[in-house]
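S.K.: Given the coordinates of chain A, assemble chain B onto it according to the supplied hints.
Residue numbers (my numbering), protein chains in the order written: chain A, 1 to 297; chain B, 1 to 271.
Hints listed in this document are in silico derivations from the structure and should not be mistaken for laboratory results.
Some hints here could point you the wrong way.
[Stated by the list, open to error] Dumping the calculated DMTMM-like pairs for lysine to aspartate or glutamate here, alpha-carbon to alpha-carbon at most 25 Å:
no.	chain 1	residue 1	chain 2	residue 2
1	A	K68	B	E129
2	B	K70	B	E221
3	A	K68	A	D202
4	B	K70	B	E129
5	A	K251	A	E77
6	A	K251	B	E129
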Amino acid sequence: MTTDATAAAGRGTVRRLAGTLHRRPRLRLTLLLTAPLLWLAVLYLGSLAVLFVSAFWTTNSFTSQVVKVWSTDNFHELLTTPVFRQVVLRSAGVALAVTVLCALIAFPVAFYTARVARPRWRPLLVVAILTPLWASYLVKVYAWRLILSQGGLADWTLAPFGLSGPGFGLPATVLTLTYLWLPYMILPIHTALEQLPANLLDASADLGARAGRTFRSVVLPMVLPSVAAGSVFTFSLSLGDYITVQIVGGKTQLIGNLVYSNIELNLPMAAALGTVPVVVIVLYLLAIRRTGALHSL
Amino acid sequence: MHLSRTARIALRTGAGLGFAVIYVPLLLVLVNSLNPDRSASWPPPGLTWHWWSVAAHNTGARQALWVSVKAGLGATAIALVLGTLIAFAVARHRFFGRDTVSFIVVLPIALPGIVTGIALNSAFSTVLEPLGVGLGLFTVIVGHATFCIVVVFNNVVARLRRTAASYEEAAMDLGATTFRAFADVTFPLVRSALLAGALLAFALSFDEIVVTTFTAGPGIETLPIWIFENMTRPQQAPVVNVVAAVLVLLSVIPIYVAQRLSADTATSSRV
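Chain A with its partners taken away, still in its complex shape (with noise of 0.2 Å):
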């Protein structure tokens, strides 16, 4: 007797939460956001705040202790010393790269997996490009230390051409990033060109463009967002990595290498070599958003 009044009790006090919940949108919304947005607003976007102020501090170079005064040190070493700019150019050119890279491999094999292929196999296709994504990054790069260390697969292949594999290195880097994101930008680009309604190539072959011009005028205008989208995967990816320089790269430095070599030390010049791919991807992001490419993302 008193269990069923309390259950229903219980239940009336359900009823009316559920009522008040459904009355007020306004409640819903924050109980949905107040957690996440702790979480991602305080914690991560306070700490990468902080970490942003502490590059305009400095460090006493004798006991490296971080100096809590302002001073626009760092980021003025950060333009002047050639090392550095040598590194961020650098970092942004492997990153371009690696983008142009996949952007002309991935083209031809979403093509042939979107538009070529029976459509009986596209589903398998898509599969075959997606199980590497599965596999471990590390794994991958080690892959090509191995395929690339010397007497490795890659001087046995190139061995009967009378040449040698590059060894480790710069092209080393870009070849085993260009491996590692490759998937991220066939994807997008076979999704778009699967969409591509298929009238819309009659329609331009009847006005008598032949398939170079309609690739030209029709495809290449409504796929190129989904290039963008994959190529915000290809360069943020590549503009922050240091673990696959550091494992192919031989001596090469990247802007994330002096960032890590700078933590133990020199934390705020580290903070202030770190702004420089975070404002480089915000503004690349940015500028993505426009196109409207985050969406298909």
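M.R.: Chain B in isolation, oriented as in the chain A frame:
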């Protein structure tokens, strides 16, 4: 678009080469785990299972695997809750700053891991250390969860956008409370999206190395960290080879599950 014969053949060859480039390195890792030699020279002088049994008894690798699983499960659990909450807010409500919210969610994965890593590292050491909490497995989980939120969010928000809110409204018109409508209508609709998101989140966490480097306490070694530490030690090379091969083989599991999930969603959307 009518492609000439040559164009078709060129595309076929190009795609074939592309797929070869994608798979040769993975196959090489598998073959190399059977390499009796410690060097990576090609071709291997023979094949042996010897290193597999050596690797099976390697305590370092086994402990690292266990740490990775724990970190992955913890991060996935947090990401599932937070990602789903944001997805519901963004897909079912209109509010000021909605685009900003979706932007902030992507940020942890878009920014370089090293930046996220040192930001969290200095935040943890300034906030947690005075409280007597050092870096450990807990901080790894917090770090991983931060960038795993986005994959859960993406999956759930995509599903919610495709399913009209009218199902929930119909349930409520029939007398269901908000909670009842969620449990009986909304949840079954997003369940497979949640699973897909969880799978991705776990895979992402399991694979992560950079953020882990900066958030792991002493003695906490995930599998990627273990591989990275041992990769350049010639003595450990055969065991690393085997661990790498195991990871390549393990990646088949999520692919299989993902296929089952998408088949499942295809059938349920046909109903």
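S.K.: All the hints need checking, so say for each whether the structure fits it.
M.R.: So, going through the hints one by one against the coordinates:
1. A threshold of 25 Å between alpha carbons decides the hint, and for K68 of chain A with E129 of chain B the separation of about 19 Å falls inside it, so the pair holds.
2. Using a Cα cut-off of 25 Å, the hinted pair K70 of chain B and E221 of chain B holds, with the two alpha carbons roughly 11 Å apart.
3. Between the alpha carbons of K68 of chain A and D202 of chain A the distance comes to roughly 66 Å, so the proposed pair goes past 25 Å and is violated.
4. As the CA atoms of K70 of chain B and E129 of chain B are separated by approximately 23 Å, the hinted pair is consistent with the 25 Å bound.
5. With a C-alpha separation of about 23 Å, the suggested pair K251 of chain A and E77 of chain A falls inside the 25 Å cut-off, and the hint holds.
6. With a C-alpha separation of about 36 Å, the suggested pairing of K251 of chain A with E129 of chain B is violated against the 25 Å cut-off.
Checked against the numbered hints given earlier, this structure breaks hints 3 and 6; the rest are met.
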